[in-house]
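Below are the chains, spelled out letter by letter.
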Amino acid sequence: MSAYWRDIFYGSKSLIKGMLITGRQFFKPVVTEQYPYETPTLPPLFRGHIELIGNAESGLPNCVVCMMCQRACPSDCISLGGKKAEGGKGKVLTSYILDFTKCSLCGSCVESCKFDALRYSHEYNLVSFNKDDFIIDLMKRLEEQNRCKQ
Amino acid sequence: METSIWHALLYLVGILAFAGLNAAYLGYCERKGAARIQRRSGPTEVGYAGLLQPLADGIKLMSKQLLVPKGVDGIIFRAAPILAMVPAITSMAVIPFSGNIQARAMELSVLLLFALAALAMFAILLGGWASGNKYALISSTRAVSQTLAYEIPMLFTVITVVLISGSLNLQDIALDQQGGFWRWNIFRIENGHFLTMWISFLIFFICTIAETNRAPFDMAEAESELVAGFMTEYGSMGFGLFMMGEYLNIVVAACLTTVLFLGGWDCPLGLIPGVWWFLIKIYILIFTFIWIRWTFPRTQIYKLLNLNWKILIPFSMVNLLITAVLIKVF
Amino acid sequence: MTVPISPRHDETFVLNLGPQHPATHGVLRVKLTMDGEYIVKAEPVLGYIHRMHEKMAEAGTFAQFMPNTARMDYLHALAFNHGWALVVEKAAGIEVPPRAEYIRVITVELNRIHSHLLWWAANLLDLGAFTPLLYAFDDREQVIDLLERVTGSRLTYSYMRFGGVLNDIDEDFIAGTRAFLVRLRERMPVFYHDLVTSNIIFIKRVKDIGIITPEMCRRYGVTGPVARGSGINYDVRKDEPYSVYPHFDFDVPVFHECDSMARYMVRVQEMEQSMRIIEQALDALPDGPIMAKVPKMLKPEAGYYYSAVETARGLLGHRLVCNGDKNPYKLKLRSPTFSNLSLFGEVTQGMLLADALAFLGSLDLVIPEIDR
Amino acid sequence: MERYEKTRSALSPLFPSGHESEAVGTEESEADSSPQQRLPGVVVTEYSRTGSHLDVVCLPDQLMAVAGVLEDEGFFLESIAGVDWLEQGQLEIIYDFNLLGGDQCRVMVRTFVDRSEPVVPTLTGIFPAADWHERETFDFYGLHFQGHPDLTRILLPEDADYHPLLKDFMP
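Respectively, the protein sequence lines represent chains A, B, C and D.
Heads up: the first sequence runs through residues 715 to 864, numbered per our numbering.
Heads up: the second sequence runs through residues 50 to 379, numbered per our numbering.
Heads up: the third sequence runs through residues 36 to 407, numbered per our numbering.
Heads up: the fourth sequence runs through residues 336 to 506, numbered per our numbering.
Worth flagging that the hints you see were computed from the coordinates, not collected in a lab.
Small disclaimer: the values here were computed from a predicted structure and weren't measured.
All clues stand as given, with none of them false.
Here's a subset of chain C near chain B, in silico, CB distances under 7 Å, partners left out:
no.	residue
1	L50
2	P57
3	A58
4	D161
5	L162
6	G163
7	A164
8	T166
9	I236
10	F237
11	K239
12	R240
13	A389
14	L392
Heads up, the beta-carbon is just placed ideally off N, CA and C, and yes, glycines get one too.
This is chain A alone, in the form it adopts within the complex:
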């Protein structure tokens, strides 16, 4: 019988306590971010999809087409093409296609790159009705970035 009264007493007390907590929160400011009006600041290490790094002077990609990124990728989403450089040694990048539909943002490609040619973009507004929009031509992207810089 004492458990019965204890339940009623402590039970009511706990209910009132709970209501006071939520009641106090009612008058406090909101903590959510109003997304389209406020945008988040991304941390510097944020892993978006990859993009090419352009040379500081020429704006051309640093890539030497060593294919390490393509081999490191677990999901085969990178395909790049190159041709023999005119005159000099090595190769020049001609196309760099990222199939973002398969990418899992693991970062293996950026890690495997020894020539400072890849980095993570800070793009997070990635919505489209068309699947083809996610097969990204990184060369074109770099050109656009260069154009914006000028």
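Go by the hints and put chains B, C and D onto chain A.
The following block gives chains B, C and D in isolation, referenced to the frame of chain A:
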């Protein structure tokens, strides 16, 4: 009170407007209230501070197709949501909003109200039964056992009020409490009724939450167990009507609590009584409904019935006894 | 509370709980045979999000499997990272620098707090309380922000590498973590204990519900908080120490009530212990490299390797069979909730539907990890 | 006495032929890439390197007896893994046993069956935990666990007609 056709029309329009406005905007208030409790901002996009959100929701619900699942009884399936609205709106006819705002003064208005309140459960039963869905079926049986159980303590506490006022007429009950908060049934000093009446009030309040199927007693809806209970198969305005019916039931419950325990339209200090006091009181009660819903976890059907049979009914019976003794002694 | 019933089989019906159901938190399906609201028989049906990770492991190199590990238990992704890193390091004989190991422990424990917070929130949602969910999400967001700062992503981290970790932690992260610990310790008594733990409705819902005896735990191979709520003092971090866990002073909360409340208390107290570990690790964080010298292509010696880690849900085992090639010859993932869920049928016999779902919530299931 | 010593002496009566008492580090078969098949027996392995204390190889017929001994010793079944040794035409089943708290002892029990006739006895009667793990192994390797109460697909669709972890499976 003389009843003319104009009088009837005026009240018909007034009650429908009041009911419609409440049904629409309580949904908005609930969302806003829940959001504030949870430190969110709730609807903000449609209109200033999202004030037109109910309109947008209404348009959306109305423009959708009412899907009637294959193999169900179409008539009952369609009738159930309407039946959820009707008793709530009808109840408003006998509620005295103030000394002279009441559609129909009836001698037995308390009885009528409880008859209609029991009917609201019937809509859930029919909707759940006609859906041909196992979740809905479980939900409707839960709703019936819950409502039947909670009528008992509810009526016991109402009898205490009736004993004090000596009338089954809501108008008389409210008039009996005029003249300051010390005359309200819940705090009534006269004959020492405040000793038991606050317990009566609490029991009545808990019972109204259970009767209106609100959290923490929303066993019938129980979205984490029964998906959406009796509303699982309803879309478009069928669902909309159930929601509106739920909010109207809350309004009626709040009105009834105000009349029975909180002095109706009386000012707490006995100054200028009026309909605004009535509205303030019912909206404070409705806010408490929302507040409770967004604070507690849901009970479980057997715990709910245990609470009823082991705590509420004994307490309400003892309360009735003491009240009767107090009336007799003084 | 289980009520003994003798079902009349002509009156039972089958209720399909899931694969889409609000209480299963994913795509679990439970086929329930019901007698009214009582469960006569419950059979979990798995495989709705099965992705054959074990075959993927055999198809790629060791390093290429790392992103997959985070995608099994998306709530405690770092522990899965850690487990995979540890078993490969064991096979290949890689020594991890102490700083890297400390960073691993800090991030894994932060991630454990995150996982328990989310479990707490989701469990309350199963019980019908919505507001605590958002209070917990408020705290959880802080953890995610911290981990995003160091790992670069918010949920599927792929942060660990064989021989170390991807990024070093900086002063901002350390200060942020300390601030978070202070904040969580302040909020814990109010938003977690006063609002929920002492709430009478909550207590009535979880006390004496879903009794799992210690013997049942052993027969079914149950581990983690579920076993510790049944009085079994077994935590891989203590009993089979790996990484740098022996350096830290922490307790393993054990409760003997065997019910949902005990499991709840275990997890809540584990959050506090995780905070203790993080604090000690931050205080004793050694300097040094965060990556060991590791050959580009790992080719571990042929043999059988096993390594276990403690995730938020229990013991995660990796059984690795190598044949000296650059791919794993065989990888078997022993995921904790696969075993923890297997007793669901036995425990829920004769239970009410509502209680069974409260019990299901207290098991803390992450479906992709069961289905792999 | 260390727990694994105790377990080993409990298990050794099952292997009377005398192959069980090889010392640590004499696993001559570890080097080649064949299935690490030895004659049935119990071998103590280096925990820090392999992650298990005892390596028990037994015939499929002995499986129940080994599991029975381990059950008496208070072990629980942690996982069941299949391995397909395609070149040798054999399937291997690895059972991992562990203790819930107290002492530290992991036992790996292995058994080999022919690929053409993959039948092993079930352990569900001793460890209910084996139920789902065996169904999973059946699912992935087509291993038939004799006496299993409900040997059906668990993770793959019920109408699947393939066993994807077999090395010769091509999707």
